[in-house]
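Q: Sequence:
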Amino acid sequence: MGGREDGRALVIGSLAFIDGLSLEEIEALHSGDGYGPRPLSKQERARIEAGEGDLPDWAAAGLPEFVAEDLKTTFGDRWSEEAAALMARAPVDLRVNTAKTTVEGARADLKAGGLTPQPTPWSAVGLRLPSEPAPNVQGLQAFNVGEIEIQDEGSQVVTWLAGSGLNFTADSIVVDYCAGGGGKTLALAVQGLPEADPAKVAAPRPAGWSPVGADEEAAVKTAPRVAGMKLIACDVVQKRLDNIRPRLARAGVEADLRMLGPNGGGVEEFNGKADLVFVDAPCSGSGAWRRRPEDAWRLKADEVERLHALQLRILGQAAQLVKPGGRLAYVTCSILTRENEAVADAFEAAHPGFKPVQAVDLLAAKTLTDGARAGLAQAANGGRIRLSPASTGTDGFFAALYERRA
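For the sequence shown, the working numbering begins at 242 and goes up steadily by one.
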């Protein structure tokens with residue numbers, strides 16, 4: 242904005258060239274009244290009137306320059322389309338807990354509550370709600386009794402791919418190494434459970450239904466938990482693990498919650514025993530910027546380098562848990578090459594005992610739609626998959642899948 246890069250200039254530039262406000266509207270916001278920002282200077286007004294013509298392409302796209310350069314390398318001529326999709330409003334995606342209800346049953350319940358859910362195109366157990374008007378999902382009875390969870394379709398898809406073909410039993414050991422909020426923990430848990438019997442799914446609730454009542458809430462808390470595998474959910478922050486407990490109870494599933502030490506300590510007894518280790522690594526979150534577009538301007542290039550080193554270290558620690566013939570899944574919700582392919586390349590070079598699992602061999606999962614199978618077959622690059630708002634209509638995700646050699 243006028244050659245300046247301070248916070249005020251960035252705000253004014255964003256209002257003009259990203260939000261599309263007129264000069265008059267921006268001047269009204271900069272009246273100088275009370276604690277409001279001071280009036281626009283002559284130079285600032287001139288810069289707004291000049292328009293976007295001389296803006297560099299990264300600024301016109303609303304992204305930091307280093308991010309735009311990364312997108313150009315990854316997506317080529319399609320980079321501006323991807324950038325625009327990152328700034329668009331995201332829908333609200335739900336995952337149906339098939340251990341408790343069916344997709345049809347959940348959809349009927351949501352319709353009875355006045356909502357308009359549509360099937361997600363990639364996840365066979367997903368439902369999509371429009372972002373406007375913003376739905377109060379957490380106030381719905383179906384949510385409070387664990388029949389649905391809020392989870393982006395891309396997050397569902399990478400979880401289905403990670404577990405595809407493993408045929409979990411009660412003896413299987415699955416480790417969610419970076420559980421975070423627990424969304425993927427819950428999705429992993431239901432992969433080892435039988436599906437709900439459609440004949441026993443309750444009839445749709447009437448219109449005007451309210452959040453879960455005391456009696457039903459008590460029933461949820463005391464309902465027997467079903468364990469389809471030995472699921473271990475780990476994190477380095479105890480508060481996150483504490484927050485997962487009520488989600489597990491609501492969903493009717495079990496997990497062994499483990500606090501990890503700074504060097505991965507706390508799960509040593511599972512070294513070389515896990516059928517699946519799922520590493521949803523700490524990342525920039527750039528794949529979800531359409532939900533928080535302001536985060537794009539908080540990310541710095543040196544932070545991406547710090548994350549790259551952390552991700553590689555965590556992946557190496559987690560790999561020790563995988564049994565011979567077991568699977569390791571590396572996942573991020575990032576669109577940046579340094580957090581994705583660069584980490585996978587470095588891991589493969591340092592761990593020749595892990596071979597990529599061809600993603601096209603994992604598309605038989607019944608939780609994927611036929612459309613997903615066709616789309617993922619095109620998106621797959623060996624053992625790697627990229628999802629993005631423009632290409633798949635999901636948040637941006639990356640997954641690299643490996644099998645430990647005997």
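No lab work stands behind these hints, which were simulated from the structure alone.
Mixed in with the good hints, there may be bad ones.
[To be verified] Under the rule of at most 35 Å between Cα atoms (straight-line distance), these lysine-lysine pairs were calculated in the DSBU-like manner:
no.: 1; residue 1: K514; residue 2: K541
no.: 2; residue 1: K607; residue 2: K480
no.: 3; residue 1: K283; residue 2: K352
no.: 4; residue 1: K352; residue 2: K596
no.: 5; residue 1: K541; residue 2: K596
no.: 6; residue 1: K514; residue 2: K480
no.: 7; residue 1: K607; residue 2: K596
no.: 8; residue 1: K514; residue 2: K313
no.: 9; residue 1: K596; residue 2: K514
no.: 10; residue 1: K607; residue 2: K514
no.: 11; residue 1: K480; residue 2: K541
no.: 12; residue 1: K283; residue 2: K541
no.: 13; residue 1: K480; residue 2: K313
no.: 14; residue 1: K514; residue 2: K564
no.: 15; residue 1: K596; residue 2: K564
Q: All hints, please: hold or fail.
A: Going down the list of hints, with the structure as the test:
no.	hint	verdict
1	K514 <-> K541	violated, 38 Å
2	K607 <-> K480	holds, 34 Å
3	K283 <-> K352	violated, 54 Å
4	K352 <-> K596	violated, 45 Å
5	K541 <-> K596	holds, 33 Å
6	K514 <-> K480	holds, 27 Å
7	K607 <-> K596	holds, 25 Å
8	K514 <-> K313	violated, 41 Å
9	K596 <-> K514	holds, 18 Å
10	K607 <-> K514	holds, 26 Å
11	K480 <-> K541	holds, 27 Å
12	K283 <-> K541	holds, 31 Å
13	K480 <-> K313	violated, 38 Å
14	K514 <-> K564	holds, 4 Å
15	K596 <-> K564	holds, 13 Å
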